[in-house]
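J.: Sequence:
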Amino acid sequence: RYADIIIEARDRMIRTEDWKLVYLPLETGALWQLYDLRVDPACQNDVAAQHPEVLAELKAALTAWIEQDRERHMVDDHVVRVATV
Numbered sequence: 041r042y043a044d045i046i047i048e049a050r051d052r053m054i055r056t057e058d059w060k061l062v063y064l065p066l067e068t069g070a071l072w073q074l075y076d077l078r079v080d081p082a083c084q085n086d087v088a089a090q091h092p093e094v095l096a097e098l099k100a101a102l103t104a105w106i107e108q109d110r111e112r113h114m115v116d117d118h119v120v121r122v123a124t125v
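Start counting the sequence shown at 41; every next residue gets the next number (our numbering).
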């Protein structure tokens, strides 16, 4: 259903004092954008390619947070609703 797609298509983000990671679900796959808040507080320049270790750390933390939701989990970089019977 269209409504289910909208519900699951929400952007999510996680941040620390120095970094912000944004998760953008797209039909072609998820887009992960990383921003260095110390030098780019307006989040204009995605630096994910330059900081793969920070990307991996924050992605793992955001995924763990999403997995705490009993109704949703991550599959291939997408948040999906757990099937109920």
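Quick caveat, the hints were computed from the structure, so don't treat them as lab data.
As the structure is a computational prediction, the values presented were derived from the model and not from experiment.
Fair warning: there could be bad hints in the mix.
Computed cross-link-like contacts, SDA-like style, restricted to lysine to any residue with a CA-CA straight-line distance of at most 20 Å [as the list claims (entries may be wrong)]:
#1 K60 with H91
#2 K99 with L77
#3 K60 with D86
#4 K99 with A89
#5 K60 with P92
#6 K99 with T68
#7 K99 with L71
#8 K99 with D76
#9 K60 with A101
#10 K60 with C83
#11 K99 with V87
#12 K60 with Q84
#13 K99 with N85
#14 K60 with V94
#15 K60 with R50
#16 K60 with P81
#17 K99 with V62
#18 K60 with A104
#19 K60 with Q73
#20 K99 with W59
#21 K99 with P65
#22 K99 with A88
#23 K99 with E57
#24 K60 with I106
#25 K60 with A70
#26 K99 with D58
#27 K99 with R55
Estimated spans, in silico, between C-beta atoms of each pair [stated by the list, open to error]:
#28 Q84 with E107: 17 to 23 Å
#29 Q90 with A70: 24 to 30 Å
#30 A100 with D51: 17 to 23 Å
#31 E107 with V79: 30 to 36 Å
#32 L64 with Q90: 25 to 31 Å
#33 L71 with W105: 17 to 23 Å
#34 A82 with Q108: 18 to 24 Å
#35 Q108 with V87: 23 to 29 Å
#36 E107 with P81: 28 to 34 Å
#37 L71 with A104: 16 to 22 Å
Glycine included, every Cβ here is placed at the ideal spot set by N, Cα and C.
J.: Of all the hints numbered above, which does this structure not satisfy? Sort the numbers upward.
T.: 28, 29, 32, 34
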